[in-house]
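**Student:** Here's the letter readout for the chains.
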Amino acid sequence: DAGVIQSPRHEVTEMGQEVTLRCKPISGHDYLFWYRQTMMRGLELLIYFNNNVPIDDSGMPEDRFSAKMPNASFSTLKIQPSEPRDSAVYFCASSSVTGRQETQYFGPGTRLLVL
Amino acid sequence: DAKTTQPTSMDCAEGRAANLPCNHSTISGNEYVYWYRQIHSQGPQYIIHGLKNNETNEMASLIITEDRKSSTLILPHATLRDTAVYYCIVRVGGWGKLQFGAGTQVVVTP
Chain B
1 DAGVIQSPRH EVTEMGQEVT LRCKPISGHD YLFWYRQTMM RGLELLIYFN NNVPIDDSGM
61 PEDRFSAKMP NASFSTLKIQ PSEPRDSAVY FCASSSVTGR QETQYFGPGT RLLVL
Chain P
1 DAKTTQPTSM DCAEGRAANL PCNHSTISGN EYVYWYRQIH SQGPQYIIHG LKNNETNEMA
61 SLIITEDRKS STLILPHATL RDTAVYYCIV RVGGWGKLQF GAGTQVVVTP
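Read top to bottom, the protein sequences are chains B and P. First residue of the first sequence? That's 1 in the working numbering, and the numbers climb one at a time after it. First residue of the second sequence? That's 1 in the working numbering, and the numbers climb one at a time after it.
Think of the hints as simulated: they come from the structure by calculation, not from any bench. Treat each hint with caution, since some may be false.
[To be verified] Only pairs whose alpha carbons sit at most 25 Å apart, straight line, appear in this in silico DMTMM-like list of lysine to aspartate or glutamate: (1) B:K24 / B:D86; (2) B:K24 / B:E11; (3) P:K3 / B:D56; (4) P:K52 / P:E14; (5) B:K68 / B:E11; (6) P:K3 / B:E44; (7) P:K97 / B:D57; (8) B:K68 / B:D57; (9) P:K3 / B:D57; (10) P:K97 / B:D86; (11) B:K68 / B:E18; (12) P:K97 / B:D56; (13) P:K97 / B:D63; (14) B:K68 / B:D56; (15) P:K69 / P:E31; (16) P:K97 / B:E44; (17) B:K78 / B:D57; (18) P:K3 / P:E14; (19) P:K97 / B:E62; (20) B:K78 / B:E18; (21) P:K97 / B:D30.
[Said to hold, decoys possible] Computed footprint of chain P on chain B; a stretch qualifies when at least three of its residues, placed anywhere within it, have a C-beta under 8 Å from a C-beta of chain P: (22) 75 to 82; (23) 87 to 97; (24) 104 to 113.
[As the list claims (entries may be wrong)] To spell it out: a stretch of chain P is covered by chain B in this simulated footprint if at least three of its residues, at any positions, have a beta carbon under 8 Å from a beta carbon of chain B; those stretches are: (25) 20 to 26; (26) 44 to 56.
A virtual CB, placed ideally from N, CA and C, is assigned to each residue, including glycine.
Kindly produce the complete structure, drawing on both the sequences and the hints.
**Tutor:** This is the structure:
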């Protein structure tokens, strides 16, 4: 398996523009997670899905952020409008529950810079 | 989820065992101990997890004290590629949200 795939790997945009980050989870996994990493706040969970349904979005910073999972093999995280404080590395992870345990596999991340 | 405490950093000589401590004194009975690591510029990588018993896999060993208030991750023969930030995470039930702290920066030197 190719692992979790994220695109783009790097994104530079200007403040006010819309940004869309994409994630393809590992085939057969039924959980999908979006995390954000910054120097100030470390790694923090934004939202996660189970069987394409959002389960916990309490980490989504504000209404400018939205996430969707239209099918089991694709998810997007959208920021509209983007702001400089959104600059971070965004990770997608996927997992499945095996024997009441789940191991999350992370993608390589998308490095976002908002100017 | 229980809070964890880890040293900020530690060094280890290549080829030697690296012992990474983690305190989780407020852990409750249904919380598991997980270890992940993050090599620079990469996504976090799962290492190992446990509930009460000691665990071993191809990457590492996890030793959990009898009272479960602390644990130690052991990398038996550290290599330069083990240089990374290591996160100890305590989680209820074994799935869902992972709450990452600051972790321990481990530097393996030749």
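**Student:** Would you mind marking each hint as holding or not holding in the structure?
**Tutor:** Now the hints, each set against the structure:
Taking the CA atoms of B:K24 and B:D86, the gap is near 22 Å; set against the 25 Å cutoff, the hint holds. With a CA separation close to 17 Å, the supplied pair B:K24 and B:E11 stays within the 25 Å bound. Annotation: proposed proximity of P:K3 to B:D56 holds, straight-line Cα distance about 20 Å (limit 25 Å). The hinted pair formed by P:K52 and P:E14 fails the criterion: a straight-line CA distance of about 30 Å is larger than 25 Å.
For the suggested pair B:K68 and B:E11, the alpha carbons sit about 19 Å apart, so the restraint of at most 25 Å is met. Restraint check for P:K3 and B:E44: the C-alpha separation of about 15 Å stays at or below 25 Å, so the hint holds. Between P:K97 and B:D57 the CA atoms are separated by roughly 11 Å; this keeps the pair inside 25 Å, and the hint holds. Restraint check for B:K68 and B:D57: satisfied, since their Cα atoms lie roughly 11 Å apart, inside the 25 Å limit.
Restraint check for P:K3 and B:D57: satisfied, since their Cα atoms lie roughly 21 Å apart, inside the 25 Å limit. This hinted pair checks out: P:K97 and B:D86 have alpha carbons roughly 21 Å apart, not beyond 25 Å. For the hint pairing B:K68 with B:E18, the CA-to-CA distance comes to about 15 Å; that is within 25 Å, so the pair holds. Proposed proximity of P:K97 and B:D56 is supported: the alpha carbons are some 9 Å apart, at most 25 Å.
Taking the CA atoms of P:K97 and B:D63, the gap is about 21 Å. The hint holds against a cut of 25 Å. About 13 Å separates the Cα atoms of B:K68 and B:D56, which keeps this hinted pair within 25 Å; it holds. Proposed proximity of P:K69 and P:E31 is supported: the alpha carbons are some 11 Å apart, at most 25 Å. Under the criterion of a C-alpha separation no larger than 25 Å, the hint pairing P:K97 with B:E44 is consistent with the structure, at around 9 Å.
Our distance criterion of 25 Å between C-alpha atoms is met by B:K78 and B:D57, whose separation comes to about 14 Å. Proposed proximity of P:K3 and P:E14 is contradicted: the alpha carbons are some 31 Å apart, above 25 Å. For a cut-off of 25 Å, the pair hint linking P:K97 to B:E62 stands: about 19 Å separates their Cα positions. Note on B:K78 and B:E18: the hinted pairing holds, with a Cα-Cα distance of about 7 Å set against a maximum of 25 Å.
With a C-alpha separation of about 14 Å, the suggested pair P:K97 and B:D30 falls inside the 25 Å cut-off, and the hint holds. For a cut-off of 8 Å, the count of residues in the stretch 75 to 82 of chain B with a CB near a CB of chain P stands at 0, and the three-residue condition is violated. With 4 residues bearing a CB less than 8 Å from a CB of chain P, the stretch 87 to 97 of chain B meets the requirement of three and the coverage assertion stands. Three residues within the 8 Å Cβ limit are the bar, and the stretch 104 to 113 of chain B against chain P gives 6, so the coverage statement holds.
Only residues whose beta carbon comes within less than 8 Å of a beta carbon in chain B count, and the stretch 20 to 26 of chain P has 0; fewer than three means the coverage is violated. Requiring three or more residues with a Cβ within less than 8 Å of a Cβ of chain B, the coverage given for the stretch 44 to 56 of chain P holds, as 4 such residues are present.
Hint violations for this structure: numbers 4, 18, 22, 25, all remaining hints satisfied.
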